[in-house]
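Number of protein chains: 2
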Amino acid sequence: MPGTPEAGSVGKVHTQTVRLYTAESPLQLEQGGSLGPVDVAYETYGTLTPAADNAVFVCHALTGDAHAAGWHDGATRPGWWDNLIGPGKPLDTDRFLVISANLIGGCQGSTGPSSPNPETGSAFGLDFPVLMMRDLVEVHRALVKHLGISRLLAVIGGSLGGMQVLQWGLDHPEEVANAVVIAASSRLTAQNIAFSAVARRAIMTDPNFAAGDYAAAGVNPDIGLSIARMMAHITYLSEDALTEKFGRQVDPNRRQPGFGIDFAVESYLAHQGQVFLERFDALSYLYLTRVMDYFDPFADPKALDAVRFSPVNWLVLSFASDWRFGTDHSRRIVRTLERAGQPVSFREIPSTYGHDSFLLAIEPYHETLGAFLDRALAGVTA
Amino acid sequence: MPGTPEAGSVGKVHTQTVRLYTAESPLQLEQGGSLGPVDVAYETYGTLTPAADNAVFVCHALTGDAHAAGWHDGATRPGWWDNLIGPGKPLDTDRFLVISANLIGGCQGSTGPSSPNPETGSAFGLDFPVLMMRDLVEVHRALVKHLGISRLLAVIGGSLGGMQVLQWGLDHPEEVANAVVIAASSRLTAQNIAFSAVARRAIMTDPNFAAGDYAAAGVNPDIGLSIARMMAHITYLSEDALTEKFGRQVDPNRRQPGFGIDFAVESYLAHQGQVFLERFDALSYLYLTRVMDYFDPFADPKALDAVRFSPVNWLVLSFASDWRFGTDHSRRIVRTLERAGQPVSFREIPSTYGHDSFLLAIEPYHETLGAFLDRALAGVTA
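Line by line, the protein sequences are chains A and B.
Sequential numbering from 1 applies to the first sequence in the working numbering.
Sequential numbering from 1 applies to the second sequence in the working numbering.
There could be a bad hint or two in this list.
Among the chain B residues that face chain A by a calculated CB cut under 8 Å, a handful are [to be verified]:
id: 1; residue: Gln-31
id: 2; residue: Ala-197
id: 3; residue: Ile-234
id: 4; residue: Leu-242
id: 5; residue: Thr-243
id: 6; residue: Arg-248
id: 7; residue: Pro-257
id: 8; residue: Phe-263
id: 9; residue: Glu-266
id: 10; residue: Arg-290
Negatives, chain A to chain B, calculated, CB over 12 Å [claimed, not checked]:
id: 11; residue: Thr-76
id: 12; residue: Asn-83
id: 13; residue: Arg-95
id: 14; residue: Gly-109
id: 15; residue: Gly-121
id: 16; residue: Asn-253
id: 17; residue: Ser-267
id: 18; residue: Pro-343
id: 19; residue: Asp-374
Derived from the structure by calculation, the hints contain no laboratory data.
Yeah, the Cβ is synthetic: ideal placement off N, Cα and C, and Gly gets one too.
Given the sequences, and given the hints that come with them, work out the whole structure.
Encoded structure:
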């Protein structure tokens, strides 16, 4: 049954698509080469002020999309950050214009590896260019310009989204007044890379991956993609959260010990793997995890030159039980920014839910975000 | 090139096999039903005293085997616990008779799901009965009796092996003077089960699993089994160990960013997944991980009755960086045994190597084991 927007919701919304680059005027890529046309799917909530000084750009995580808040027609659930975005919420749409866009490389309306390759008419597959974080930022900057905004009041994102915020703020501080980096990292550890490597291998060794041309073959690497998701999902939750939620409960449908779904946690994971197939593309999983693997902005000795000249107000948040990008990752970001003379606020939010905490309505987390954005707005209007 | 035994090695060894149960006199299983014939592969190192009071039984982990020490003909490496077992080593074969046996359900000489089903002549596949920890203990007890030993000086094991030690000591304390439980658990958490569940799913959804009848079909679920191993391997190492070993090093064979082996840690994991195929069976992986999932001895209110009457000397060891079965798991075992009036020594060994530390020659670890076994022997000969 379709859900109903409640008070505090932005209400009915829909995703728009805009062509930001064309074959004639393509996106120039960080690794060389170019890409065009490039379409970007996005949503906005709230109203831009005449001075265009109240825009907050929301950056989604690995498997997110442009639909951050409100309700699509007939949907059974709202956008992925609906608890944060809306009238009276921390991202108050009575005061801010909130922008959310699907990443290039993604699969929810923006150009990605399963989009048609203009040269062949079939999906790009592995002929899609390898992307780097700066490519993702460039496309979002182009969208911001398209919307008539020369400087964002804030960019904010969790996980991959937080990594994108960091790159954006470092490279273009004059276009970003405030930056919120949540549950993110300035560089993945070997363990982080390892989990993504096994996920990618599960996808690529699925016979239905067909060397990336599964769409043309009329198949989909469902098995590999669901294995990848199940494994990743374990790392998004804390051990305590899984214990509290499932412990050692036996699945109610189990008849006797065997090799099916015996424990409740197995049922949960199988479900997560299954529903993921309906909303995510295997190639996008490869491309966007690789963006994270290679992300290492502070390895560039000039990384901090721009912000030294034009500081950004940073807020860095971690969650106590996050073992994917835990507090150590955030502290490294904070220390590096501080050494470059940046104004940085840092807070470790108490939470038992692990990495996925950044999606939840945890009170001290939302309070911190709300207060930071209030100050951001006051700084502009003062 | 074949390796050469060094000083302190037990030298050349070979695996023997004994039929401990027959079709006429089968093993009675914990879940009901029976299994026979049952063959068990084992090795021994050292000499049994005339009083048969110096036998130490070594219990292997999930993917271990009977070959714990010394060298097989033409082998390039010694047994998996060779650093611990040998003349002058903590498990000193000049003083102890050390016994190591492959688990039933395994695939290295003992009867398992890929052994021939006497009813069909083909491999059992998923018709092999689901095993519980007590089944594994029963078979090892039968081997001990076969060897003319009525009471073991000690049983010792890590991970699944440690869990087996716990069950053995609890159920048959009169046959076990000393018990060493290393990097083990008295019950898996939801996260522990989740990792094994995804590994099993990778195996069972591989088209070459063929519903467990892959041997008859002349195929093997290589893809699923290697994915399972790669994922599990991440959990056997600490994040720090992976960082120290690989960090963010790029693989020397990488030409440009892509979706192959770009980082050194990816190469390492791929190698781990590949070599595992040569030594392990997919069905054994299912059966033995399920034994661990269901292991929960303290859930039985009578679990401690036997040891209250006939205490065992327990040594419980954990490793500081083990996040698979960390110190919390060991502490739960220690507290429960202490409440039952058992003499328990506990030590958390400082180590940065994670769960796999139990296989390494870490000095304080080996010293602790050696001292415990020395006291065990002194207790007998006093």
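Does B/Arg-248 pass the interface check with chain A, least Cβ-Cβ distance below 8 Å? Holds: closest Cβ of chain A sits about 6 Å from B/Arg-248, inside 8 Å.
So A/Thr-76 supposedly isn't at the interface. Is its beta-carbon more than 12 Å from every beta-carbon in chain B? holds, 26 Å
Is the nearest Cβ of chain B still more than 12 Å from the Cβ of A/Ser-267? A/Ser-267 not clear of chain B: closest Cβ-Cβ about 9 Å, inside 12 Å.
Against chain A, is B/Gln-31 within 8 Å by beta-carbon distance? Holds: closest Cβ of chain A sits about 7 Å from B/Gln-31, inside 8 Å.
Agreement of hint B/Ala-197 with chain A interface, Cβ distance less than 8 Å: Interface hint status for B/Ala-197: holds (4 Å vs cutoff 8 Å).
Does the CB of B/Leu-242 sit less than 8 Å away from some CB of chain A? holds, 4 Å
Can we trust that A/Asn-83 is non-interface, i.e. its beta-carbon lies farther than 12 Å from all of chain B? Holds, because the least Cβ-Cβ distance between A/Asn-83 and chain B comes to about 25 Å, which exceeds 12 Å.
Against chain B, does A/Arg-95 hold up as non-interface, every C-beta pair farther apart than 12 Å? holds, 41 Å
Classify the label on A/Gly-121 as holds or violated, using whether its beta-carbon is more than 12 Å from each beta-carbon of chain B. Fine: 23 Å to the nearest Cβ keeps A/Gly-121 off the interface.
Least C-beta distance between A/Asn-253 and chain B, which was stated to exceed 12 Å: holds, 15 Å
Per the CB criterion, is B/Ile-234 less than 8 Å away from chain A? Since the shortest Cβ distance to chain A is 5 Å, the answer is holds.
Hey, does A/Pro-343 actually stay past 12 Å from chain B on C-beta? Non-interface label stands for A/Pro-343: nearest chain B Cβ at 29 Å, farther than 12 Å.
Checked against the numbered hints listed earlier, the structure breaks hint 17 alone; every other hint is satisfied.
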